[in-house]
Amino acid sequence: MSYSTREKRARRKFGFKAYDAHQVQALFAPAAFEALPLAARWASLLGLFTGARASEVGQLLTADVVEDGGIPCIQISDEGEHQKVKTDVSLRTVPVHPDLLALGFLTWVEQARAEGQERLFPAAKADAKNGQGNWISKAFSRHLAEVGKNWPTAKRGFHSLRKTLIQELQGAGVVSELRAQLVGHELDDEHHVTYSRAFTPKEKLDGLRGVSPGLAVLAYGLNISALRALMAPQSSSSKQRKAG
Numbered sequence: 001m002s003y004s005t006r007e008k009r010a011r012r013k014f015g016f017k018a019y020d021a022h023q024v025q026a027l028f029a030p031a032a033f034e035a036l037p038l039a040a041r042w043a044s045l046l047g048l049f050t051g052a053r054a055s056e057v058g059q060l061l062t063a064d065v066v067e068d069g070g071i072p073c074i075q076i077s078d079e080g081e082h083q084k085v086k087t088d089v090s091l092r093t094v095p096v097h098p099d100l101l102a103l104g105f106l107t108w109v110e111q112a113r114a115e116g117q118e119r120l121f122p123a124a125k126a127d128a129k130n131g132q133g134n135w136i137s138k139a140f141s142r143h144l145a146e147v148g149k150n151w152p153t154a155k156r157g158f159h160s161l162r163k164t165l166i167q168e169l170q171g172a173g174v175v176s177e178l179r180a181q182l183v184g185h186e187l188d189d190e191h192h193v194t195y196s197r198a199f200t201p202k203e204k205l206d207g208l209r210g211v212s213p214g215l216a217v218l219a220y221g222l223n224i225s226a227l228r229a230l231m232a233p234q235s236s237s238s239k240q241r242k243a244g
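Under this note's numbering, the residue at position 116 of the sequence shown is numbered 116, and the numbers go up by one with no gaps.
Some clues are possibly wrong.
[Claimed, not checked] Capping the alpha-carbon separation at 30 Å, the derived lysine-lysine pairs in DSSO-like fashion look like this:
1) Lys125 with Lys17
2) Lys125 with Lys155
3) Lys149 with Lys138
4) Lys17 with Lys138
5) Lys149 with Lys163
[Stated by the list, open to error] Label pairs and their in silico Cβ distance ranges:
6) Pro30 with Thr153: 24 to 32 Å
7) Leu101 with Leu187: 40 to 48 Å
8) Pro98 with Gln170: 33 to 41 Å
9) Gly15 with Glu177: 39 to 47 Å
10) Asn150 with Ala63: 40 to 48 Å
11) Leu106 with Gly171: 24 to 32 Å
12) Thr153 with Asp68: 38 to 46 Å
Calculated directly from the structure, the hints in this document are not laboratory data. Glycine included, each C-beta is placed from N, C-alpha and C at the ideal position.
Using the sequences and the hints, build the whole thing.
Shown next as structure tokens:
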């Protein structure tokens, strides 16, 4: 999908606003973050560290978490039942950021698999009226409304996490072509579209030597040790006790 120059200006003016460093700290401060259900915490962290759209996060399958070249990755795919993407360039493989690994993401995924769970986020219903991202968008918006109730008025939401990641990568010196492949954006440059290859997961994570850093350059300064205690998977029996 391509936009005219006028449409691009309008999107910049009226689109979602990125979070600044203080707002990221507030949203992911352990005391506030704990109010979200566990699955919503993981979905929010995926938004922050992958830039994936809410719909892309909501439709993830446990099978979409893979290892490629020895690097844990998340596949944004349209191959599973009820999976779809915005455009062809949205199909992509995103390395799992080191902070997600430190928070226990793979352990959480493995427990979901062990319990026979096909969807990573069962609460994101495939037939949801407003799409599979509706669940996380609503949960995150409630969290945002509480944490950011005294912030200056602006258009913010789950999608702001995507814009935050893109701007953080830009500020860290990640080249536009690498940023585009990480977040599933289409470059306007026909030369890139026609002649470029896909970057490897290692290149996406670690960058291009002497040219650009990669996704691993992201450093939000979150309290990883305190957050990790909130991210531990719950056993089925524990879930049942809480439900009861």
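Here's how the hints hold up against the structure:
no.	hint	in the structure
1	Lys125 with Lys17	holds (27 Å)
2	Lys125 with Lys155	holds (26 Å)
3	Lys149 with Lys138	holds (16 Å)
4	Lys17 with Lys138	holds (17 Å)
5	Lys149 with Lys163	holds (20 Å)
6	Pro30 with Thr153: 24 to 32 Å	holds (27 Å)
7	Leu101 with Leu187: 40 to 48 Å	violated (29 Å)
8	Pro98 with Gln170: 33 to 41 Å	violated (20 Å)
9	Gly15 with Glu177: 39 to 47 Å	violated (22 Å)
10	Asn150 with Ala63: 40 to 48 Å	holds (42 Å)
11	Leu106 with Gly171: 24 to 32 Å	holds (28 Å)
12	Thr153 with Asp68: 38 to 46 Å	holds (42 Å)
In summary, the numbered hints that this structure violates are 7, 8 and 9.
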